[in-house]
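**Student:** Here the protein sequences line up with chains A and B, keeping their order.
Each residue of the first sequence is one higher than the last, beginning at 1 in my numbering.
Each residue of the second sequence is one higher than the last, beginning at 1 in my numbering.
Check before you lean on any hint, since a few could be wrong.
Since copy identity is lost for identical chains, a pair holds within one copy or between any two.
[To be verified] Restricting the straight-line Cα-Cα distance to at most 30 Å, the calculated cross-link-like pairs of lysine-lysine (DSS-like) are:
1) Lys-186 to Lys-130
2) Lys-186 to Lys-129
3) Lys-202 to Lys-110
4) Lys-202 to Lys-129
5) Lys-130 to Lys-202
6) Lys-186 to Lys-109
7) Lys-202 to Lys-28
8) Lys-26 to Lys-109
9) Lys-129 to Lys-110
10) Lys-92 to Lys-130
11) Lys-186 to Lys-92
12) Lys-28 to Lys-129
13) Lys-110 to Lys-28
14) Lys-130 to Lys-110
Since the hints were made in silico from the structure, they are not lab data.
As a plain string of letters, each chain reads:
There are 2 protein chains.
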Amino acid sequence: MQKGRLIVISGPSGTGKGTICRELLKSKDLDLSISMTTRAPRSGEIDGVHYYFVSREEFAETVENGGLLEHAEIYGNFYGTPRAAVLERLDKGRDVLLEIEMDGAVQVKKSYPDAVLIFILPPSLEVLKKRLTGRGTETPEQIETRTSRALAEIHRIYDYDYSIINDRLEDAVSDVRTIIRAEHLKVGSGSEQLVRQYEEEK
Amino acid sequence: MQKGRLIVISGPSGTGKGTICRELLKSKDLDLSISMTTRAPRSGEIDGVHYYFVSREEFAETVENGGLLEHAEIYGNFYGTPRAAVLERLDKGRDVLLEIEMDGAVQVKKSYPDAVLIFILPPSLEVLKKRLTGRGTETPEQIETRTSRALAEIHRIYDYDYSIINDRLEDAVSDVRTIIRAEHLKVGSGSEQLVRQYEEEK
């Protein structure tokens with residue numbers, strides 16, 4: 001049995017990362033990584049499904065013990081990716097999906113270099129602006145700021161292994177699947193087992 | 001426009017490399033690399049289509065000028081992969097397919113490190129033996145020798161970027177296509193151009 005791959009989806013906001021991940025998870029052939037957080041559960045959120053809800057003390061202890069692949073503070077709350085839960089699934093041959101902001105993605109690559117980092121790009125800044133406008137949650141000034149920030153963030157593409165332009169959703173989802181399959185075909189540590197199978201035949 | 005990829009198909013004999021390549025070429029989205037040879041054209045073979053037929057002097061001169069990505073002597077004739085013809089197509093954004101024996105594949109990787117080396121494996125040595133027997137061109141002793149050699153050759157998998165087990169032909173062909181697509185999605189030298197497109201929008 002081949003080891004699973006840790007697939008990290010990241011990129012500027014408004015590029016549709018979340019939608020791509022929801023589509024990918026429909027097929028049941030990969031597992032979503034569940035984050036640990038110190039923020040209070042919102043109505044309907046279940047511990048161990050949406051997040052692992054922990055106290056600030058538990059969180060700090062997990063960080064101390066190297067138990068997180070990455071972590072960050074966002075608006076006064078802590079969020080992190082539990083190492084053990086991810087590695088256990090990978091060892092079972094399951095691919096694990098992680099949607100995360102860009103600093104987190106780089107942290108994950110450092111703590112787990114086999115992670116496959118995929119950068120999701122908008123078809124153009126114009127389209128990105130339209131999508132953000134369509135959400136109706138931000139002022140024109142905020143949208144301008146976000147678009148400028150997106151351009152700056154696009155330069156961080158070199159931290160990533162692959163990039164996908166999310167023009168049509170189904171194409172982007174298919175491209176992620178393509179990358180996952182190709183990663184499984186790569187010659188690497190898993191190839192030893194393959195070679196052994198032929199040897200045992202003799 | 002993105003640069004093309006040089007896709008090198010290799011592996012032990014009897015694994016169906018040739019059939020995979022013929023299937024791949026049906027789609028017209030990649031070009032076959034045409035070899036240069038000093039052997040005489042056989043009936044029906046066309047210069048520039050099946051091979052570039054050259055004299056031993058011309059061949060030696062091309063080698064001398066670094067004009068071949070790899071070359072080898074087989075049964076007293078010389079064969080090689082012309083560098084200029086391949087690079088020209090890659091620059092035009094065409095993917096180029098090269099089917100070649102294993103020493104040649106390694107030479108190509110050395111002279112063109114961006115080449116994507118794909119190793120084709122049999123589902124098992126048993127199946128390989130059956131396929132070789134089915135050809136009806138070799139004695140049982142020759143088939144034994146070939147099978148033993150195949151096992152030795154399988155250990156050279158680590159010279160390759162990817163490996164594909166050719167169990168069902170259409171799956172193997174689809175896996176090669178998957179690898180080619182994933183290679184185009186990789187972040188690399190082509191990403192500069194991508195980043196520039198967003199910058200120019202501003």
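**Student:** Check Lys-186 against Lys-109 for me: Cα-Cα at most 30 Å, and say if that holds within a copy, between copies, both or neither.
**Tutor:** The answer is both: 18 Å in one copy and 16 Å across copies each meet 30 Å.
**Student:** For Lys-130 and Lys-202, with the copy left unspecified, which applies at a CA distance of at most 30 Å: within, between, both, or neither?
**Tutor:** Result: close only across copies, 15 Å inter versus 62 Å intra.
**Student:** Can you give me the call for Lys-92 and Lys-130, within, between, both or neither, at a CA distance of at most 30 Å?
**Tutor:** neither (42 Å within a copy, 34 Å between copies)
**Student:** For Lys-28 vs Lys-129, is the C-alpha pair at or below 30 Å within one copy, between two copies, both, or neither?
**Tutor:** neither (32 Å within a copy, 37 Å between copies)
**Student:** With identical chains treated as interchangeable, where does the CA-CA distance between Lys-186 and Lys-92 reach 30 Å or less: within a copy, between copies, both, or neither?
**Tutor:** Both: 18 Å inside a chain and 27 Å across chains, each within 30 Å.
**Student:** Is the C-alpha distance from Lys-130 to Lys-110 at most 30 Å within one copy, between copies, in both cases, or in neither?
**Tutor:** Neither way: Lys-130 and Lys-110 sit 34 Å apart in one copy and 47 Å across, limit 30 Å.
**Student:** Indicate which option fits the pair Lys-26, Lys-109 if close means a Cα-Cα distance not exceeding 30 Å: within, between, both or neither.
**Tutor:** For Lys-26 and Lys-109, only the intra-copy Cα distance (26 Å) is at most 30 Å; the inter-copy one is 39 Å.
**Student:** Within a copy, between copies, both or neither: where do Lys-186 and Lys-130 come within 30 Å Cα-Cα?
**Tutor:** Intra 38 Å, inter 27 Å, cutoff 30 Å: inter-copy only.
**Student:** Is the C-alpha distance from Lys-202 to Lys-28 at most 30 Å within one copy, between copies, in both cases, or in neither?
**Tutor:** neither (37 Å within a copy, 40 Å between copies)
**Student:** At most 30 Å between alpha carbons: which applies to Lys-202 and Lys-110, within, between, both or neither?
**Tutor:** neither (41 Å within a copy, 33 Å between copies)
**Student:** Is it within, between, both, or neither for Lys-129 and Lys-110, if the alpha carbons may be no more than 30 Å apart?
**Tutor:** neither (32 Å within a copy, 45 Å between copies)
**Student:** For Lys-110 and Lys-28, with the copy left unspecified, which applies at a CA distance of at most 30 Å: within, between, both, or neither?
**Tutor:** Within one copy only: 28 Å inside, 41 Å across.
Taken one by one, the earlier hints fail for this structure at numbers 3, 7, 9, 10, 12 and 14, listed in ascending order.
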